Structures are given as structure tokens and as C-alpha cells.
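Asker: Spelled out, the chains give:
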Amino acid sequence: MMGIGKRTLVILSLLAVLFAVLPALGLEGYRLRLLSLVFMWIALAGCWNLMSGYTGYIDFGPVTYFGAGAYATALFMIRLDLPFFVSLVLSGILCAFLAFLIGLATLRIRGAYFAIATFAAAEALKQIVLEGDRVVGFEFFGGSHGLTLPVPPPSEFFYYFLLAFTVLVIGISFYLERSKFGYGLRAIRGSEQGAELSGVPTLSLKIKAYILSSSLIGCIGGMEAYWLTYIIPEDVFNVLRTIQMVIMTLLGGMGTIWGPVIGATFLTLVGEFLGTKFVYDYLILLGIVIIIVILLLPRGIVNLVKSKRGGAQ
Amino acid sequence: MILFLQSLINGILLGGIYAACAAGFSLAFGVMGIVNLSHGDFVMLGAFVTYWLFVLLGWDPFLTLPITLAILFFLGFFLQKLMLNRLTGVPPIMSYLLTFGLHLVLSGLALRTWTADYRTLNTVYTGLNLIVFGLVLPYSRVATFLFAMVLILGLYFLLYRTEVGRAIRATAQDGEMARLMGVRIFRIYAFTFAVSVAITGLAGSLIAQTFVIYPQMGLPFTITAFCVVVLGGLGYVPGTLFGGLILGIFESLSTTYLTAGLSMALTFFLLLIMLLVRPGGIFGKGILE
Amino acid sequence: MKYLECRQVTKRFGALEALRQFSCAVEKGEILGVIGPNGSGKTTLFNVMVGIYSPEEGEIFFQGHSISKLPPHKICHRGIAKASQTIQSFLEITVLENLLIPAMYGKNLGAKKARAQAESILNFMGLQDVQDLPVSEISLAKRRRLEVGRVLATGAELLLLDEVMAGLNPHEVEEALRVLQRIRQDGKTIILVEHVMQAMMQFCERIIVLNHGEKIAEGRPEEVAQNPEVIQAYLGRPYA
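Residue numbers (my numbering), protein chains in the order written: chain G, 16 to 328; chain A, 2 to 290; chain W, 100 to 339.
It is possible that some hints are incorrect.
[Stated by the list, open to error] Each computed BS3-like pair below joins lysine-lysine, with the alpha-carbon atoms no more than 25 Å apart:
id, chain 1, residue 1, chain 2, residue 2
1, G, Lys223, W, Lys127
2, W, Lys173, W, Lys212
3, W, Lys101, W, Lys127
4, W, Lys212, G, Lys195
5, W, Lys212, W, Lys287
6, W, Lys206, G, Lys195
7, G, Lys195, G, Lys21
8, G, Lys21, W, Lys287
9, G, Lys195, W, Lys101
10, W, Lys211, W, Lys168
11, W, Lys287, W, Lys101
12, W, Lys173, G, Lys223
13, G, Lys223, W, Lys206
[Unchecked claim] Derived contacts from chain W toward chain G, CB cut-off under 8 Å, selection only:
id, residue
14, Pro170
15, Gly178
16, Ala180
17, Ser188
18, Phe189
19, Glu191
20, Met203
These are computed hints drawn from the structure, not numbers from a lab. Small disclaimer: the values here were computed from a predicted structure and weren't measured. The beta-carbon is built from N, C-alpha and C at its ideal position, and this holds for glycine as well.
One chain only, chain G, in its complex shape (with noise of 0.2 Å):
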């Protein structure tokens, strides 16, 4: 229960190294992107898993960072010529110290405040993206019209870019499941009180799971801007990425290593193969799936099998 299982870290290790492999090995063109794709939402899930997951804390504007990432990093390169790399961990830095405030102002309260607060700021910040230019009078955030970014490399950057991501929130994961800063998240799920009571400091784990939720997600924004070249506000700040986030996880399985997985996988293909974007149809059945979720299936469907497993026993 304490350690990770050795036949868990080989198998996963292996599937790594195969992923990594693919692309050497003729992986290309639709394929390829299709898979980034799916790394990239597993990503996205498996981050907003660890702060709304492990903490029950329901975010509901992670769109925020995605955007704001996605401006950080296009405004570092284009207005100060900055190379990638560092417009990406210095957009890190930004999502971070946002998270802070925002944070900070709403999770010494109920649940509700943080829910409804993160909901509002992804809204006002697409909204000063939109109107700031005209407010302070010179081109900064480009407004309506977007920004265009330097021309980036081939697709194969973003596959492993993606891939290591992947690696990475899901390292964290299980490293969530059996540290005591992972304890302590679930603990405040449990009983906020109880938490309290046994000593944890709720409201600094709290902040710091947002805080590292909410700057990964910003960074994968900013990959996504650099990947895209050409980034419109409402395209970066599309609630609709916060509603696939939501559901993946709900899905799969909320406060768990694998649910995000499954959930994003599941989701991304699925939504390839009917090839729906944004059809208003799409979100009717979203919501429908999320009513459904809840009233019959609120734990996901990864303590669906675990429960079956369990009762087996």
C-alpha cells in the first residue's frame, strides 16, 4: 500500500518507452497528432484531478490557466523575443502566483465560494484579453484578432512534449496516493474538520494543490499556443475545455490514479470518431452525461470495477 508495486512501475515503464518510441518507429502524420491529442487531455484531466479529485474542492474554471498560459507564453515570445522554454516556465510562474490570489481569497471558505469564484474568473480574464487593449490604448493582448507565434517545430516536439506531461501528471498521481501531502488532500476530502482536527493545515494544502494543478495546466496552455501558432481568445478560453476536464474525470473516476486516463481516452476518441467540435447537440449531451453520472454512477467508473473487484473478495 506504501510502495509502488514493482510489476506496476515495469509495466509502465515499459509503455513509456514505447510510446516514446513510436514515432522512430513510423508514427506520423493523423496518428500521431491524434495521440498527442489524447496525451494532452489525459494531461489536462489528470491535473484538474489532482486539486477538484483529491481535495473535493470542485474547480470550475481551469480554462483560466489554460488561457492564461497560452497568453503568458505567446506574449513572452512575441513582445520580448523570448525563446519557448523559458516563456513557458515563466507563464508557470504567472498561473502560480494567480492561483495564489485566487486561492487564497476563496478557500478559507465552503466549497461553494471556490467553485462559483473559479467559475467567474475564467470569464473575466477571457474578458480582459478581449477589452484590454482598448482600456490601456495600445496592442498588447491583441484583443479579437489574436496573436500569431514564431513558427514552431515539427509535430514529433509536441509528442514528446505531450508524452512527458503525461508521464509526469500521472508520476504525480501516485506519488499523491502514498505521500502525506497526498494523505493530507484526501483527509480534507473526507472530513475538512476531521482534517483539521488531526492536525493538517488545510487551508496551505489546499492552496498548494491548486497552485500546482492550476500551473501545469497554464504550461500545457502554452504548449498549445506555440503548437496552434494562432491563439484567439475564445479559443483558449472555451469553457467547453473546462467542461471536457470535468467530465473526463467524473467519468473515469475522480480522486484516482487511472479515472483521468480512462476518462480523457475514452472521451478524446470518442469525440474524434463522431468528429464533433463545438455543435451545441455536443453540449446538450455533456450535461446529460454529467446529470447521469451523478445521480447513478458518482464515483466514476475506475470504483465501479474496484468495487466489484472488492465485493468478489
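Chain G is fixed; fit chains A and W onto it per the hints.
Answerer: Frame of chain G, contents of chains A and W only:
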């Protein structure tokens, strides 16, 4: 000076509507602990009901208020029985997620049914104004402000002067105790949620006369309602009046002196400051735990 | 310097005064009982001591330092822990893990030592047979034991036990008292709130009686039992 006063008046008129809009939110939260992320969508539905009744049947929007009230009351009752009743006793996480899903369904259905077009409700008296000391007061805005006050007073009356209201407040304070005293909790929950949705829809009807109507208008109003409630104190219904007025005035002044486009960003900024400095609202009576 | 001291502590909820000008002093190693009718402020008193509420007036001193304004986790680090009747266990994780958390955070131990501590408390409370079950699956009596175990695992020296024997049958009450005796022998200080009168009378050295948020009596169990005000508070005027 005149500009300032005009801005102030606009803010007050706006604030009354905001307060009406947030009252239902505060009620649902105070009594059932439900944070309804689809709240704004009931504003939207109320607005659309009023709009279609006017456009298709020619019925004056003020006269159709009782109809909107009734329709949304039953919608709220139905939703509570169908879905939300299962949420009592369950961690609040579930209510956020469930109402979020509901938000997607409602706004998605609205988008699909009515398309994303912007619509406005124009009656014969829409453009007419009352001029007092050089200040412009549109008739419809004044009327909607007055109706909003009536709504809030009506809610106050319901909660503090009726038998049902007492049962609702008892349930809000201590559900178990209320049940032991014979209050039929689930009925109260259904009724309270229905009332919450109904008055929100009513606020939507009033909003339809002043604002542009479109399927996604709900989201900004959910955020507005939340803001009002944080200012006034979550769960403290009397506070929503003042919270609404403050927010209305703040938005109006910032629109006049800064820019219109940043209203949501400034509202959020105000919200953040409020939460950092005085999370219990101006009266300090908000439910924090 | 008293071990624990409350000075004129007042706690209000809106118009309701749950605790009014409450003062008391507790010696190290003492077993103190707090009794009173429902709603007299016992749980509020514990909640104020442990940091869940902050008193409107008055102060609480523990080992000479004021703790009234500290958050619960800091008070836990100082050595005060509370066991509730509404169980604060973490329902979805296992019994052992429930003890790991206070051991890691309350006592500030590293992973290995925390595990050793958790296991030793597990054995002490007789919960070995359910150690890997999630708390939602164990019996009430066991959950009560887990709750006391949680408090012990934090390494607290002053234990506040709030109706931990509620709902237990007489046999289970006997067991609980035995466990409390052993805890006491370890040198811990205990403040106990219970409705199981006979347990209180035989176990506590001193009893404080609360009514409507005020202390109405204090002294040895025999004295308190005969105090007319106490009898009146419990049984009403005619019996005084």
C-alpha cells in the same frame, strides 16, 4: 456632476434588478445548501417566456409576469423532485456538478431551439423616459425596478410572515430539528426550490425589458447573482437587496468612468477583494462554513 | 501556571449565547467531566477549546500560551485533540490510513514512524481485524474506537472526548472505560463529556456542570450529584 448622478441612478435601477435576480440564489443556498450553477439559465428562461408571449400573442410583458411565475414555479418543483432531492445528505460537490450539468442542458437546449440570435423586447413604451431634474429615467426601467422591489418584499413577507416561511427558515437553520418538529422536509425543499426558480424567472422577465435576450445570457447572471450574494452575505436574504444595489452602482460607475467591456472583469475583481477582506458580506452574516 | 485555563469565555451565535463567561482550570493528568442537559453548551465548549470556534470574549490558555485565536490544526500540534460524537473519520479510506493521517500531521512523523505509530494505536484500540476496511464498512462501536484512536494518534496530551460512549451497550461501555483507564495511566489529561452518568461518576475526579452556557456547579462527583441546582437543571423545579 450630472453625469455622476445619472450614473448613480442607472446603477440603483440596475441594482434593484440584480437583487431580484440574486434573491432566488440566496434562498436555494440558505435553505438547501444548493449552489445552483444553472441559476442564470432560469433568468434566461423567464426572459424567453416573456419574450415569446409578447411576440407571439402580443401580451404586455408586465401583465404576463404571473404566467412566467407559474411556469417557472412548476419547472423548479419538477426539477427538485426529479433530480435535486437526491442530493440532500450527499457532499455538496455533487450539487455543483449536477447543476453544472443542468446548466449545459438548459443553455444547450435553448441554443438549439431558439438559435444564438440576439433579441430585444420592444413595447410601445420602451423608448419613453421620465425626465427629472435633467436626469433620464426610462419608464420601463423604473417600472422594472419597482417590480423588483415588490418581488423582494414579497419574498421577505413569505419568509418572515407566513407559516410556510417559518417552516422554510426552520429547515434552513436545522433540517433535522425541523423534521423532528413535524416539518415535511422534502416538501419544503421542493417548494423552496420552486420558489427560488420562480422568482429568478420573474427577475428574468423584468430583465427581458432592459437587456438583450439570448440563450447564453444565463452565465453572466449566475456570476452576477453570486457576486450580489457574496456582497450581501450568502444565505442572508435581506442582504441581497443591498448587495444588488452596491453591485449595480459599482458596475454603472465603472461603465461610465472606465469602460463597458470590462464589467465582468471588474465584478470579479470586486468579488475577489470582498472574499479576501470580508467574506461574510457587508453585514457579516454570510454563511461561510 | 495552570495546564489549561478558560477565562470568562463567551461564545455567541447570533442572538444565542452558547457559552457565557465560562471559566475553569484543569490540572495536568486530571480527569475532568463536563455534564449538563442538552443544549447547555458542552459541545460548544469543546469546539472553542479546540479552535473550531473563536470566542467573542474571554481567552483560553494552554500551558501558559493563549490559544483562543489559533486554527484547529495548530492547536492540535500544541497537544489538544477532540473526539467527536459525529464522527470525523475519513469514510472512504481504510481504518489504518485513518490513523496514519493524525500520526503524520498531528505528531509530525515521517512515513515509517507514522506507520509504526498508527499500527501501535490500532492494536491498542483493538482494531487490527478491520485495519484494511474502509470506515464506512465497520460497526458503530468500532468507529467510536477509531475516533478515540485518531485522537491518540495525534500524540495529544490533552484529550477532549465528546460523548464517545453514546449509543454503546453496557458491555461496550465497560470496555470503553477500560480503554480510558489505560489512556489515563499513560499520563494523558482527559476532559470527558458523557450522558452515561454512572461512567462519569465513577471515572471522573472532578465534574463541572453547565446549564444554558453557564457553569452552575463544580466539584467532586458526589458533591455535584447532590447539588440542588444541578438536580433542578436536569429534572426541573419540582424535584429541587
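Asker: Give a verdict on every hint.
Answerer: Hints, one by one, checked against the model:
no. : hint                : verdict
1   : G:Lys223 - W:Lys127 : violated, 37 Å
2   : W:Lys173 - W:Lys212 : holds, 21 Å
3   : W:Lys101 - W:Lys127 : holds, 8 Å
4   : W:Lys212 - G:Lys195 : holds, 12 Å
5   : W:Lys212 - W:Lys287 : holds, 21 Å
6   : W:Lys206 - G:Lys195 : holds, 12 Å
7   : G:Lys195 - G:Lys21  : holds, 21 Å
8   : G:Lys21 - W:Lys287  : violated, 42 Å
9   : G:Lys195 - W:Lys101 : violated, 35 Å
10  : W:Lys211 - W:Lys168 : violated, 33 Å
11  : W:Lys287 - W:Lys101 : holds, 15 Å
12  : W:Lys173 - G:Lys223 : holds, 18 Å
13  : G:Lys223 - W:Lys206 : holds, 21 Å
14  : Pro170              : holds, 7 Å
15  : Gly178              : violated, 10 Å
16  : Ala180              : holds, 6 Å
17  : Ser188              : holds, 6 Å
18  : Phe189              : holds, 3 Å
19  : Glu191              : holds, 6 Å
20  : Met203              : holds, 5 Å
Going down the numbered hints, you'll see the structure goes against 1, 8, 9, 10, 15, while the others check out.
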